[in-house]
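S.K.: Here's the letter readout for the chains.
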Amino acid sequence: MPKQSPIPDELDRPFWAACNEGRLVIQHCTRCDRLQHPPEPTCAQCGSADNLEWRQVSGRGRIYSYAVMYDTPVTVLQADQPFNIVVITLEEDPGIQMLSHLPGTTVDQVPWGASVQVEFETTPNGQKVPEWRVVG
Amino acid sequence: MPTKVPNAPESWYRTREGLGIWPHRGKVAAVGVGLSPTARRWDGRPETSVGAWSILALRKAMEDAGVSPDQVDGLVMAQDTATGSPWPPGKPVPEDFLTTFQPTDDPLDGLTRLSAEWILQNTPELTNVKFTMYGPGCMSNAIVVAAQAVGEGLTDTCLVLKGWHNLEGRYYVGQGAAAEDTIAGRAKWTTGWGTVACYPTAMHFEAYCRKYGVTRDMHAPFVVNSRKNGLLFPEGFYAQHRPEPLTVEDYLSARWIAKPASLLDNDLPICVSAAYLFTTPERARDMKQKPVYILNHASDRIKIRSVMPTLEETEECAASNARKLYEGAGITANDLSFEGMYDGFGQFHVFHLEGLGFRGVKRGDALHFFQTDISIEGWNPVSPSGGNIGSGRTRFWHHTDAIQQIQGRAGKRQIWRKAEVGVTGGPFPYGGNFTVWGATPG
Amino acid sequence: MAILISFDIDGTMEFGDPPGGITLEMVRRAQELGFLIGSCSDRPPSAQQALWEKHDIRADFVAPKHGLDEVKSRFEADDYLHIGDRDTDQQFAERAGFRFYWAYDAIHEPWLTLGDAQDLP
Ligand SMILES: [Zn+2]
Numbered sequence: 001m002p003k004q005s006p007i008p009d010e011l012d013r014p015f016w017a018a019c020n021e022g023r024l025v026i027q028h029c030t031r032c033d034r035l036q037h038p039p040e041p042t043c044a045q046c047g048s049a050d051n052l053e054w055r056q057v058s059g060r061g062r063i064y065s066y067a068v069m070y071d072t073p074v075t076v077l078q079a080d081q082p083f084n085i086v087v088i089t090l091e092e093d094p095g096i097q098m099l100s101h102l103p104g105t106t107v108d109q110v111p112w113g114a115s116v117q118v119e120f121e122t123t124p125n126g127q128k129v130p131e132w133r134v135v136g
Numbered sequence: 001m002p003t004k005v006p007n008a009p010e011s012w013y014r015t016r017e018g019l020g021i022w023p024h025r026g027k028v029a030a031v032g033v034g035l036s037p038t039a040r041r042w043d044g045r046p047e048t049s050v051g052a053w054s055i056l057a058l059r060k061a062m063e064d065a066g067v068s069p070d071q072v073d074g075l076v077m078a079q080d081t082a083t084g085s086p087w088p089p090g091k092p093v094p095e096d097f098l099t100t101f102q103p104t105d106d107p108l109d110g111l112t113r114l115s116a117e118w119i120l121q122n123t124p125e126l127t128n129v130k131f132t133m134y135g136p137g138c139m140s141n142a143i144v145v146a147a148q149a150v151g152e153g154l155t156d157t158c159l160v161l162k163g164w165h166n167l168e169g170r171y172y173v174g175q176g177a178a179a180e181d182t183i184a185g186r187a188k189w190t191t192g193w194g195t196v197a198c199y200p201t202a203m204h205f206e207a208y209c210r211k212y213g214v215t216r217d218m219h220a221p222f223v224v225n226s227r228k229n230g231l232l233f234p235e236g237f238y239a240q241h242r243p244e245p246l247t248v249e250d251y252l253s254a255r256w257i258a259k260p261a262s263l264l265d266n267d268l269p270i271c272v273s274a275a276y277l278f279t280t281p282e283r284a285r286d287m288k289q290k291p292v293y294i295l296n297h298a299s300d301r302i303k304i305r306s307v308m309p310t311l312e313e314t315e316e317c318a319a320s321n322a323r324k325l326y327e328g329a330g331i332t333a334n335d336l337s338f339e340g341m342y343d344g345f346g347q348f349h350v351f352h353l354e355g356l357g358f359r360g361v362k363r364g365d366a367l368h369f370f371q372t373d374i375s376i377e378g379w380n381p382v383s384p385s386g387g388n389i390g391s392g393r394t395r396f397w398h399h400t401d402a403i404q405q406i407q408g409r410a411g412k413r414q415i416w417r418k419a420e421v422g423v424t425g426g427p428f429p430y431g432g433n434f435t436v437w438g439a440t441p442g
Numbered sequence: 001m002a003i004l005i006s007f008d009i010d011g012t013m014e015f016g017d018p019p020g021g022i023t024l025e026m027v028r029r030a031q032e033l034g035f036l037i038g039s040c041s042d043r044p045p046s047a048q049q050a051l052w053e054k055h056d057i058r059a060d061f062v063a064p065k066h067g068l069d070e071v072k073s074r075f076e077a078d079d080y081l082h083i084g085d086r087d088t089d090q091q092f093a094e095r096a097g098f099r100f101y102w103a104y105d106a107i108h109e110p111w112l113t114l115g116d117a118q119d120l121p
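Chains as they are written, first to last, in this note's numbering: chain A, 1 to 136; chain B, 1 to 442; chain C, 1 to 121.
Just so you know, nobody snuck in bad clues.
Cross-link-like lysine to aspartate or glutamate pairs, in silico, EDC-like; alpha carbons within 20 Å at most:
{"no.": "1", "chain 1": "B", "residue 1": "Lys211", "chain 2": "A", "residue 2": "Asp108"}
{"no.": "2", "chain 1": "C", "residue 1": "Lys54", "chain 2": "B", "residue 2": "Glu244"}
{"no.": "3", "chain 1": "B", "residue 1": "Lys130", "chain 2": "B", "residue 2": "Asp156"}
{"no.": "4", "chain 1": "B", "residue 1": "Lys303", "chain 2": "A", "residue 2": "Asp33"}
{"no.": "5", "chain 1": "B", "residue 1": "Lys290", "chain 2": "B", "residue 2": "Glu420"}
{"no.": "6", "chain 1": "B", "residue 1": "Lys228", "chain 2": "C", "residue 2": "Asp42"}
Read the hints as simulated data drawn from the structure, not as lab findings.
Just so we're clear, the structure is a prediction, and the values are computed from it rather than from any experiment.
Could you build all of it, start to finish, from the sequences and the hints given here?
M.R.: Given below as structure tokens:
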């Protein structure tokens with residue numbers, strides 16, 4: 001599904017660079033041993049910027065919930081309406097979420113709580129984005 | 001006149017539990033109410049601009065309270081008046097607007113935003129305003145700020161104002177960043193996927209229905225009842241322009257925006273302004289209307305863990321907010337005669353009600369509760385104003401109604417049981433500003 | 001030739017909010033020619049029904065804006081038209097196999113030249 005192409009910035013450049021290499025990395029505070037997403041300049045728990053690193057995660061997760069978009073404001077997505085937008089939580093930490101269009105799953109047939117695996121989809125400017133597919 | 005009007009300091013907001021009784025409980029009163037007419041969209045005339053209608057609302061609030069303009073010494077308001085359709089880039093500001101009103105350095109002031117400077121220089125009879133402050137965003141915020149300001153003695157006769165404008169165009173659809181082929185900033189994690197404003201609520205509601213084994217059709221009686229109440233609000237948009245009730249079938253057949261949220265779970269952007277007059281109980285004695293005492297205010301500043309608030313974060317935030325409200329007012333849920341929590345998106349109300357424990361409603365109970373008598377004629381009046389569903393998008397009908405209910409002048413909306421204590425606020429069950437109102441000082 | 005015309009309300013009909021260019025007179029004329037008429041609007045169906053009744057017009061159907069396909073399945077016609085003022089009108093019309101006319105064009109009553117109506121004075 002053609003999406004808007006993300007433009008990386010100072011804060012999230014490593015995330016997008018990893019996507020282009022087919023890896024999913026998440027910001028991690030080594031002091032708190034805590035994952036954080038979306039990325040922030042400092043750790044939301046300890047407030048420090050000094051202990052943040054990027055940690056590769058398994059790319060496995062679960063479906064938390066979803067809604068089906070029938071009237072999106074985003075122009076490039078309108079031709080594909082209706083489509084799923086699913087909240088995915090990561091296996092390493094169910095507090096960490098990502099959104100997905102859940103490629104391969106019929107609209108509104110989202111399997112509740114199902115396991116998902118990350119894959120990477122190329123957007124029009126070449127930047128890859130994480131997408132998720134139901135497994136098993 | 002002040003040169004730079006500040007936002008309220010964060011320390012004014014009661015965001016934590018354990019703060020005890022609000023020190024100004026019962027020492028601030030709402031007395032006057034003023035509302036402009038309503039319209040679906042601005043018709044281009046200076047006299048119907050958000051600035052003009054805000055001045056009208058202020059004048060009506062003063063008249064309603066029986067206060068002369070020179071007695072007013074405070075103004076608290078929200079600057080933002082947008083409902084989702086921006087002024088087209090490059091479009092000139094109408095000349096007759098600029099000649100009718102004294103502009104500030106922003107030619108769109110009074111049209112697509114509203115500064116305190118604009119209000120004061122175009123309401124020349126307000127000659128003694130010494131305190132001005134913004135409660136950004138919503139009337140819910142401005143009320144909290146004004147209550148705190150009167151409580152702290154910074155103003156003793158204070159106008160509280162919120163205006164909304166609505167221009168041509170669909171609500172954020174295909175505009176600005178949404179129309180681009182690329183996406184930058186934090187939106188990469190959310191709106192880049194095509195989410196719309198009601199998406200988080202729709203997603204919560206989906207999770208809620210599965211968690212508690214309930215279905216969306218059980219929400220219909222709330223929506224139908226809200227529109228019914230709204231049609232009894234003569235100042236409201238639907239009562240004035242589209243006086244048709246909703247049926248359960250209407251609700252269930254409405255088109256999806258983000259399923260399970262439909263057009264009728266979303267509210268209708270409109271043009272309208274409202275103003276209230278707040279004062280001290282001592283001054284209120286000389287005024288025309290019965291004082292409605294502010295017993296407490298509380299605010300949520302939820303820190304969500306990741307991209308979207310979860311259902312669990314939402315539920316806990318709403319519950320914590322209720323504990324703050326009750327603690328600071330020295331009341332319990334049993335003391336509430338009615339509730340006027342925010343409903344724009346409709347499903348917000350489920351989470352607000354359960355957070356409050358209104359009539360003993362626990363998590364997962366609200367949709368069952370909606371199958372009972374929630375009308376104004378019953379013992380458990382839910383959203384007697386009808387909120388945004390009943391009267392269009394303002395986020396202030398419920399506040400207006402709470403004041404009028406306790407004053408006993410809600411007209412055909414007057415609840416059957418005695419209106420003694422009410423709670424109102426919003427917007428989100430996961431973040432907003434809330435107020436407890438009482439017929440007595442506590 | 002059976003023709004079905006669906007009207008949006010707000011921004012399309014003269015009694016809409018905002019008022020549009022399609023008058024009750026135009027609707028009556030279409031009805032006198034034997035066309036099936038009704039509305040598909042974001043107004044709730046019960047409100048649409050009330051509006052037609054208020055203006056003394058017996059609508060053959062009312063439906064939510066996304067209900068055009070359901071209207072099509074209910075009524076046999078040779079031509080299906082939807083008149084509206086928004087992108088959403090156009091999208092829903094085309095998806096349901098209706099021909100779409102913008103309200104500002106439709107004030108010329110293009111349907112009068114369709115089918116049997118051509119023979120009328
Ligand atoms: Zn940390």
